[in-house]
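Colleague: First to last, the protein sequences are chains A and B. Residues in the first sequence are numbered consecutively from 154, following my numbering. Residues in the second sequence are numbered consecutively from 4, following my numbering.
A portion of the hints provided could be inaccurate.
[To be verified] Each pair of labels, with its calculated beta carbon distance range:
hint	chain 1	residue 1	chain 2	residue 2	range
1	B	Phe42	A	Gly251	25 to 31 Å
2	A	His232	B	Asp14	40 to 46 Å
3	B	Lys6	A	Met168	33 to 39 Å
4	B	Arg80	A	Arg162	28 to 34 Å
None of these hints come from the bench; they were simulated from the model. Source: prediction; values computed, not measured. C-beta: ideal position from N, C-alpha, C; glycine also.
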Amino acid sequence: ETGVTQTPRHLVMGMTNKKSLKCEQHLGHNAMYWYKQSAKKPLELMFVYSLEERVENNSVPSRFSPECPNSSHLFLHLHTLQPEDSALYLCASTPGTGANEKLFFGSGTQLSVL
Amino acid sequence: LAKTTQPISMDSYEGQEVNITCSHNNIATNDYITWYQQFPSQGPRFIIQGYKTKVTNEVASLFIPADRKSSTLSLPRVSLSDTAVYYCLVGDTGSARQLTFGSGTQLTVLP
């Protein structure tokens, strides 16, 4: 148990659906991250939140919309996704955003877009 | 941004020591070297972090030569459950958000 919980673990959605991924960390960390991991590819950083402020958006399409209501919770709202968006979506947290922080990951949400 | 190079895959047998080397030729002065382990359909898990010389914990050892242009993760007496992808990351002088995961090394432990 890493202290970072993601729900749901698996999600199947159609291209016209709207769904949300949830992440909660119980570590008292101040920064949270969304990563995308497609099959056989490296992890791609999508968004970074520090103290509830978005500090990084790595050119992610607008069909992905993050939300960070407080330092313990992070959401990823999904709408009109494409089949190529099927991937493992991972949430992580770090104590701060300084250099050499250790990332604590959740188990991820395996998303399939039909 | 320091880039890392690792072997794509390695095979080993149970009980053997495994050494995975990572090259990071343009590592910056303030950068640390961090290794993560990832099992299928799970998030990566922190293994070990170091700056220079040798670091050891209950799971692994990390060897870093004086020039810091490479590092070696050493796993003593591996078991089948050590089969995973191992990532070497080098922290940029900016912040954690600039840490980049490469393709990692797929370690397969055979019986």
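Colleague: Of the hints given before, which are not true for this structure?
Modeller: Result: no hint breaks.
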